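Let's have the full structure, built from the sequences with the hints guiding it.
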Amino acid sequence: MKLLSQTLLKIASVKLAALAVLLMLGATATALAQDPRIQTSQLDALAAKASETVDVNIDESLMALTTKFLSSKDEDEKKVKELVSGLKGIYVKSFEFESEGQYTDADLESIRSQLRNPAWSRIINARSKKDGSVEVYVMHTGGQISGLAVLATELKEITVINIVGPVDLEKLTQLEGEFGIPDLGLEGSKPKRKN
Amino acid sequence: MKKPIAISFTGLALIALIGFVPTTQAKGDDFGEVVRLIEQFYHVKHEGIPLLARAGMKTATTVARISGGPRRQIAEAGSVKVAYFEDQNFRSSGSYAAFKSSMNSVLTGWSPFIQVASPKEDAQSYIYLRDAGNKFNVMVVTIEQREACVVQVNLSPESMAKLMRNPDEMGNKITVEATTNDKE
Numbered sequence: 003m004k005l006l007s008q009t010l011l012k013i014a015s016v017k018l019a020a021l022a023v024l025l026m027l028g029a030t031a032t033a034l035a036q037d038p039r040i041q042t043s044q045l046d047a048l049a050a051k052a053s054e055t056v057d058v059n060i061d062e063s064l065m066a067l068t069t070k071f072l073s074s075k076d077e078d079e080k081k082v083k084e085l086v087s088g089l090k091g092i093y094v095k096s097f098e099f100e101s102e103g104q105y106t107d108a109d110l111e112s113i114r115s116q117l118r119n120p121a122w123s124r125i126i127n128a129r130s131k132k133d134g135s136v137e138v139y140v141m142h143t144g145g146q147i148s149g150l151a152v153l154a155t156e157l158k159e160i161t162v163i164n165i166v167g168p169v170d171l172e173k174l175t176q177l178e179g180e181f182g183i184p185d186l187g188l189e190g191s192k193p194k195r196k197n
Numbered sequence: 003m004k005k006p007i008a009i010s011f012t013g014l015a016l017i018a019l020i021g022f023v024p025t026t027q028a029k030g031d032d033f034g035e036v037v038r039l040i041e042q043f044y045h046v047k048h049e050g051i052p053l054l055a056r057a058g059m060k061t062a063t064t065v066a067r068i069s070g071g072p073r074r075q076i077a078e079a080g081s082v083k084v085a086y087f088e089d090q091n092f093r094s095s096g097s098y099a100a101f102k103s104s105m106n107s108v109l110t111g112w113s114p115f116i117q118v119a120s121p122k123e124d125a126q127s128y129i130y131l132r133d134a135g136n137k138f139n140v141m142v143v144t145i146e147q148r149e150a151c152v153v154q155v156n157l158s159p160e161s162m163a164k165l166m167r168n169p170d171e172m173g174n175k176i177t178v179e180a181t182t183n184d185k186e
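Listed in order, the protein sequences are those of chains H and L. So the first sequence is numbered by my numbering: it starts at 3 and just counts up by one. So the second sequence is numbered by my numbering: it starts at 3 and just counts up by one.
Keep in mind that a hint or two might mislead.
[To be verified] The list that follows gives simulated cross-link-like pairs (lysine-lysine, DSS-like), each with its CA atoms no further than 27 Å apart:
#1 Lys90/H to Lys173/H
#2 Lys137/L to Lys80/H
#3 Lys122/L to Lys132/H
#4 Lys102/L to Lys158/H
#5 Lys90/H to Lys102/L
#6 Lys51/H to Lys75/H
#7 Lys51/H to Lys102/L
#8 Lys47/L to Lys122/L
[To be verified] Here are some of the chain H residues that sit facing chain L, going by a computed Cβ distance under 8 Å:
#9 Ala52
#10 Ser53
#11 Thr55
#12 Val56
#13 Val58
#14 Glu62
#15 Ala66
#16 Leu67
#17 Ser74
#18 Glu77
#19 Phe99
#20 Glu100
#21 Tyr105
#22 Leu157
#23 Glu180
#24 Gly182
[What the hints assert, rightly or not] Distance windows between CB atoms, simulated:
#25 Ala134/L to Ser74/H: 34 to 44 Å
#26 Lys131/H to Gly135/L: 48 to 58 Å
#27 Glu111/H to Glu88/L: 36 to 46 Å
#28 Gln42/L to Ser74/H: 43 to 53 Å
#29 Val108/L to His142/H: 38 to 48 Å
#30 Glu160/L to Glu102/H: 43 to 53 Å
#31 Glu123/L to Glu178/H: 25 to 35 Å
#32 Glu88/L to Ser135/H: 36 to 46 Å
Just so you know, these hints were derived from the structure itself, not from any lab. Because the structure is a prediction, the values reported are computed rather than measured. We put the CB at the ideal spot given by N, CA and C, even for glycine.
See the structure below:
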């Protein structure tokens with residue numbers, strides 16, 4: 003009888019441990035799926051064909067530093083300080099090509115596949131044959147925006163912008179030209195389509 | 003679309019023309035490691051600054067005149083390290099990715115803030131940042147077809163925060179400061 007109870011206890015312990023592992027794995031997978039930091043390293047293969055590549059990385063510590071040391075007295079700096087307050091990172095990657103046809107949609111699939119995650123919502127999808135396309139996505143976590151991604155393509159240019167933290171479209175337009183974020187001409191843009 | 007980065011090699015090269023700036027290649031430091039990496043990767047040798055110092059004063063004066071007015075000092079006095087490579091072959095034949103990877107490996111304690119490659123011009127620019135307590139170390143590496151320059155300076159957090167807003171100008175501002183500092 004004692005042996006039986008010990009065996010049952012052991013089985014229960016193993017099952018509990020397995021359940022705990024599964025829960026941990028599930029939590030990790032969810033966290034990864036909802037990471038507002040998108041991976042762009044797969045695009046690096048395009049560098050060989052590009053006439054210019056640019057990588058800008060402002061991680062959380064640099065972002066915090068910027069926020070901490072921008073002046074609260076200077077009006078301009080104060081405005082920027084408020085804009086970037088709470089942001090955890092700004093990442094920009096761009097490729098410029100000498101001629102058209104140097105990249106295909108397949109090259110961008112690594113980015114789009116991440117942005118197809120249900121946590122991301124596309125708020126702008128502007129396309130034109132002449133000017134290319136601009137897609138803007140935001141990630142919501144717990145009812146708040148936790149990240150923003152922009153995929154802008156022209157015939158001879160690709161730009162990916164990823165801002166981690168509480169940022170909306172209005173903030174993005176005000177940050178154009180700052181911190182390596184190129185001017186995408188988003189000012190005045192309004193959401194055209196939601197996924 | 004506006005290009006986000008444009009680091010002038012000419013500007014960077016000016017630093018190397020200044021006699022007061024020490025060349026540094028001390029063993030064990032990251033600056034020296036980067037210089038050695040460039041030497042090994044491209045089979046080149048960095049120049050001794052004294053050979054170039056003759057033109058230094060004139061260049062510094064010119065830059066000071068162009069900048070005009072009182073300039074805010076960016077780099078911490080005496081913190082500048084420079085290594086210069088002149089008239090050597092830096093044509094990379096598409097090996098930017100390998101070089102970038104090597105740089106990132108050497109500078110593991112640094113944040114790769116900006117990395118720019120322009121294969122058409124055979125040009126590369128890199129800015130790395132490192133927290134150094136109450137200040138920041140900034141390393142700027144610029145490579146073109148026949149020349150290269152490595153600069154390391156210390157910046158106050160306030161200067162860093164200001165420069166972070168405009169990374170396009172960061173390399174140039176550091177360069178101008180390093181070039182004209184102590185000359186007036």
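Checked hints:
1. At most 27 Å may separate the alpha-carbon atoms for a hinted pair to count; lysine 90/H and lysine 173/H meet this at roughly 14 Å.
2. A C-alpha spacing of about 22 Å is found between lysine 137/L and lysine 80/H, which places the hinted pair at or below 27 Å, so the restraint holds.
3. Between lysine 122/L and lysine 132/H the CA atoms are separated by roughly 25 Å; this keeps the pair inside 27 Å, and the hint holds.
4. Pair hint lysine 102/L plus lysine 158/H holds up; C-alpha atoms about 23 Å apart against a cutoff of 27 Å.
5. A distance of roughly 25 Å separates the Cα atoms of lysine 90/H and lysine 102/L; the hinted pair therefore holds under the 27 Å criterion.
6. For the given pair, lysine 51/H sits about 46 Å from lysine 75/H by alpha-carbon distance, which is inconsistent with the 27 Å threshold.
7. For the hint linking lysine 51/H to lysine 102/L, the alpha-carbon distance of about 16 Å falls within 27 Å, and the restraint holds.
8. At most 27 Å may separate the alpha-carbon atoms for a hinted pair to count; lysine 47/L and lysine 122/L meet this at roughly 24 Å.
9. The interface hint given for alanine 52/H is met, as the beta carbon of that residue sits about 7 Å from the closest beta carbon of chain L, less than 8 Å.
10. The criterion of a C-beta within 8 Å of any C-beta in chain L is met by serine 53/H, whose closest approach is roughly 5 Å, and the hint holds.
11. With its C-beta approaching chain L no nearer than about 5 Å, threonine 55/H sits inside the 8 Å limit, and its interface hint holds.
12. Using the Cβ-Cβ criterion of 8 Å, the hint placing valine 56/H at the interface with chain L is satisfied: the shortest such distance is roughly 5 Å.
13. Because the beta carbon of valine 58/H sits about 5 Å from the nearest beta carbon in chain L, less than 8 Å, this interface hint is met.
14. Here the hint on glutamate 62/H is broken, as its CB sits about 10 Å from the closest CB of chain L, past 8 Å.
15. Residue-level restraint check for alanine 66/H is violated (minimum Cβ-Cβ distance to chain L is 10 Å; threshold 8 Å).
16. For the restraint placing leucine 67/H at the interface with chain L, the shortest Cβ-Cβ distance is roughly 6 Å, inside the 8 Å limit, so the hint holds.
17. Annotation: serine 74/H was flagged as interfacial toward chain L, and the flag is violated, the nearest CB pair being 12 Å apart, outside 8 Å.
18. A hinted interface residue such as glutamate 77/H counts as satisfied when its beta carbon comes closer than 8 Å to some beta carbon of chain L; here the least separation is about 14 Å, so the hint is violated.
19. Because the closest C-beta pair between phenylalanine 99/H and chain L is about 10 Å apart, greater than 8 Å, the hint is violated.
20. About 7 Å separates the beta-carbon of glutamate 100/H from the nearest beta-carbon of chain L, less than 8 Å, and the hint is met.
21. The beta carbon of tyrosine 105/H comes no nearer than 15 Å to any beta carbon in chain L, farther than 8 Å, and the hint placing it at the interface is violated.
22. For leucine 157/H, the interface hint is violated, since its Cβ never comes within 8 Å of a Cβ in chain L; the closest pair sits about 12 Å apart.
23. The criterion of a C-beta within 8 Å of any C-beta in chain L is met by glutamate 180/H, whose closest approach is roughly 5 Å, and the hint holds.
24. At its closest, the beta carbon of glycine 182/H sits 5 Å from a beta carbon of chain L; the interface hint therefore holds under the 8 Å criterion.
25. Our hint of 34 to 44 Å for alanine 134/L and serine 74/H is violated, since their Cβ atoms are close to 24 Å apart.
26. Separation of lysine 131/H from glycine 135/L is about 53 Å and conforms to the stated range, judged on CB atoms against 48 to 58 Å.
27. A hinted range of 36 to 46 Å for the beta carbons of glutamate 111/H and glutamate 88/L is consistent with their spacing of about 44 Å.
28. Glutamine 42/L and serine 74/H have their C-beta atoms about 47 Å apart, which keeps the hinted 43 to 53 Å range intact.
29. Between valine 108/L and histidine 142/H the beta carbon distance is about 40 Å. The supplied range of 38 to 48 Å therefore holds.
30. As the Cβ distance of glutamate 160/L to glutamate 102/H is approximately 45 Å, the hint placing it in 43 to 53 Å holds.
31. For the hinted restraint 25 to 35 Å between glutamate 123/L and glutamate 178/H, the CB-CB distance of approximately 26 Å keeps it satisfied.
32. At about 45 Å, the CB distance of glutamate 88/L to serine 135/H agrees with the hint of 36 to 46 Å.
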